[in-house]
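Work out the full structure, taking the sequences as your base and the hints as a guide.
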Amino acid sequence: MNIDLDLKVKLFNEYLENGGIEKIVFPDLLKDLLKVKSLPNGKVDPRTVSPLVNAAMLA
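At the far end of the sequence shown sits residue 59, using the UniProt record's numbering, and the numbering has no gaps.
The set of hints was computed from the structure by calculation and includes no laboratory data.
Be a bit skeptical, because a hint or two may be false.
Stated by the list, open to error - Okay, derived cross-link-like pairs now, BS3-like style, lysine-lysine, Cα gap no bigger than 30 Å in a straight line: (1) K10 with K43; (2) K35 with K8; (3) K43 with K8; (4) K10 with K37; (5) K31 with K10; (6) K8 with K23; (7) K10 with K23; (8) K43 with K31; (9) K35 with K23; (10) K35 with K10.
Stated by the list, open to error - The calculated label-pair distances, taken between Cβ atoms and stated as ranges, are: (11) G19 with P40: 30 to 40 Å; (12) R47 with K10: 25 to 35 Å; (13) E22 with L52: 29 to 39 Å; (14) L16 with P51: 17 to 27 Å; (15) E17 with K37: 23 to 33 Å.
Computed from a predicted structure; not experimentally measured.
Beta carbons are placed, not taken as given, at the ideal position from N, Cα and C, and that holds for glycine.
Okay, here's the thing in structure tokens:
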């Protein structure tokens, strides 16, 4: 199953908002999450998604 980046970010954001943020023990992941930005069209800018964030969204 191939989920596009925007959907992965949306689902991961929902997870974080529902208590998942408390389970993150890696400060670097939190820093990288803050760097994720959107493009003017509302889609996630893939250049701002670090490998660490991408791996966390796949976990």
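Structure-based check of each hint:
A C-alpha spacing of about 10 Å is found between K10 and K43, which places the hinted pair at or below 30 Å, so the restraint holds. For the hint pairing K35 with K8, the CA-to-CA distance comes to about 16 Å; that is within 30 Å, so the pair holds. Using a Cα cut-off of 30 Å, the hinted pair K43 and K8 holds, with the two alpha carbons roughly 12 Å apart. With a C-alpha separation of about 12 Å, the suggested pairing of K10 with K37 holds against the 30 Å cut-off.
The hinted pair formed by K31 and K10 meets the criterion: a straight-line CA distance of about 18 Å does not exceed 30 Å. For the suggested pair K8 and K23, the alpha carbons sit about 18 Å apart, so the restraint of at most 30 Å is met. Distance check on the hinted pair: K10 and K23 sit about 18 Å apart at the alpha-carbon level, within 30 Å; holds. Note on K43 and K31: the hinted pairing holds, with a Cα-Cα distance of about 20 Å set against a maximum of 30 Å.
The hinted pair formed by K35 and K23 meets the criterion: a straight-line CA distance of about 19 Å does not exceed 30 Å. For the hint linking K35 to K10, the alpha-carbon distance of about 15 Å falls within 30 Å, and the restraint holds. Our hint of 30 to 40 Å for G19 and P40 holds, since their Cβ atoms are close to 32 Å apart. At roughly 18 Å, the beta-carbon separation of R47 and K10 lies outside the given 25 to 35 Å, and the hint is violated.
Judged by the Cβ atoms, the range 29 to 39 Å given for E22 and L52 is violated: they are separated by roughly 18 Å. Taken as a hint, the range 17 to 27 Å holds for the pair L16 and P51, whose Cβ atoms sit roughly 18 Å apart. Hint check: E17 to K37, Cβ distance near 18 Å, so the stated range 23 to 33 Å is violated.
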